[in-house]
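Trainee: Going down the list, the protein sequences come from chains Z and C. Mapped onto the numbering used here, the consecutive letters of the first sequence carry residue numbers 1 to 184. Mapped onto the numbering used here, the consecutive letters of the second sequence carry residue numbers 1 to 228.
Hints are not guaranteed to be accurate.
To be verified - Here are the computed lysine-lysine pairs in the BS3-like style, where the Cα-Cα straight-line distance is at most 27 Å:
{"hint": "1", "chain 1": "C", "residue 1": "16", "chain 2": "Z", "residue 2": "9"}
{"hint": "2", "chain 1": "C", "residue 1": "16", "chain 2": "Z", "residue 2": "81"}
{"hint": "3", "chain 1": "C", "residue 1": "88", "chain 2": "Z", "residue 2": "81"}
Quick caveat, the hints were computed from the structure, so don't treat them as lab data.
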Amino acid sequence: MSFFRLIAKAFLLATRSRKRFLMFTAVYAVIIALTSYFVGQAFTVNMIPIVGLPFLYMWIMIGGAIGMTLLYANIIINYRKTEIATIKCLGWTSNHIRILISGEIFAVTLVAFVVVIEIFIHSTALLAFYYIAKQGTLPVSIVLVTPWPIFLTFGIVLGVQILGVLLANYKILLIRPIQALQKM
Amino acid sequence: MPDIMLKAENVNKDHKRSGEIIRALININLEINAAEVAVIQGPTGCGKTTLLNVLSGLDMPDDGKVFLDGENISRATETRLSTIRRQKVGFVFQDFNLIDTLTAIENVEALLWPESLSAKDIEKRALAALRDVDMLDRKDHFPRQLSGGEKQRVAVARAIIHQPRVLFADEPTGDLDPESGTKLMELLVKLNKDYKTTIVIVTHDEGIANKYGKKRIYMEKGAITSDE
Chain Z
1 MSFFRLIAKA
11 FLLATRSRKR
21 FLMFTAVYAV
31 IIALTSYFVG
41 QAFTVNMIPI
51 VGLPFLYMWI
61 MIGGAIGMTL
71 LYANIIINYR
81 KTEIATIKCL
91 GWTSNHIRIL
101 ISGEIFAVTL
111 VAFVVVIEIF
121 IHSTALLAFY
131 YIAKQGTLPV
141 SIVLVTPWPI
151 FLTFGIVLGV
161 QILGVLLANY
171 KILLIRPIQA
181 LQKM
Chain C
1 MPDIMLKAEN
11 VNKDHKRSGE
21 IIRALININL
31 EINAAEVAVI
41 QGPTGCGKTT
51 LLNVLSGLDM
61 PDDGKVFLDG
71 ENISRATETR
81 LSTIRRQKVG
91 FVFQDFNLID
101 TLTAIENVEA
111 LLWPESLSAK
121 DIEKRALAAL
131 RDVDMLDRKD
141 HFPRQLSGGE
151 KQRVAVARAI
161 IHQPRVLFAD
171 EPTGDLDPES
181 GTKLMELLVK
191 LNKDYKTTIV
201 IVTHDEGIAN
211 KYGKKRIYME
221 KGAITSDE
């Protein structure tokens, strides 16, 4: 019960830090969208990679996701250092805090994914409406991105988040409860 | 014979600062009874906060033993100390240390979030704690919407939600105006009377020590000079 409560509170804490949350959600949404596009271009239908620029760009975007997750994890821990020390004084274990911070890191990815899916669905619908209205028929392929790359990218970005979680876990262990009594 | 809630036996603690060793605690021997209000006072740098940290398990002594409610905490694991803090100890900080993105009631509830209690039970306890500190009408306000005295009251509510056996307060009135400071001290004394909570306060304020300290521990240069 406490695990799910801590995850829910993690989402609450993430969304309450509005500016930071919106900024990182936007960045992750762009990363997921672009990576999905390049993933779609970089693989055949049978998942055979096509070596070329899209393949390279896909890896660049994944590198960007890694950079962002490490940055976000770093920012969260630095921003919450006194809070983490305080709740350690209150009796939270490092494990409890890990769940909270991990939840905050994953919250951004999840919301960014939902944003991308929403944009994908609505843009596809708008394009379909446009073509039907203008030409009376749908072209063979109207979608900018097919759905499977988005889900695959979401899985990749979630996996990449583990690096951010590992960094956050390491930094959480370094924070001692006594730091709550020190002016930071 | 009253229970001994806190006991220090031959406690020593050194700090290393810029390569120099500073003797923060020198041969401390101390007993604080259950349900007592103890005030640790002394000039800046005398070791009062270090003593508080060691008595509460936030810091470990280099030598000696510290007993909290009969248990030797000076060699306890961090996991065990976390459990003790969650069950028996409350903290009130000089800077309040409230979480800015949580409301007053959420700040109070936060201590119990890792526990296997229902949300309703946690809320009930938080409301009771806020009622005790007369902050029920401000439960949905964020710390930025509260005055210093109000923030400290919420911090006290957070410290008592789990009905701790001992409450540690490090300069709790340090950031408050005199009137708010007096109200806070009276609140702590009331909690001591109502719940028999042992209260240990660190302060450099003579007025507070004189008025509220049933047991007064005076420190100077790392040692206890008087204990009455």
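Trainee: List, from low to high, the hint numbers that the structure doesn't satisfy.
Mentor: 1
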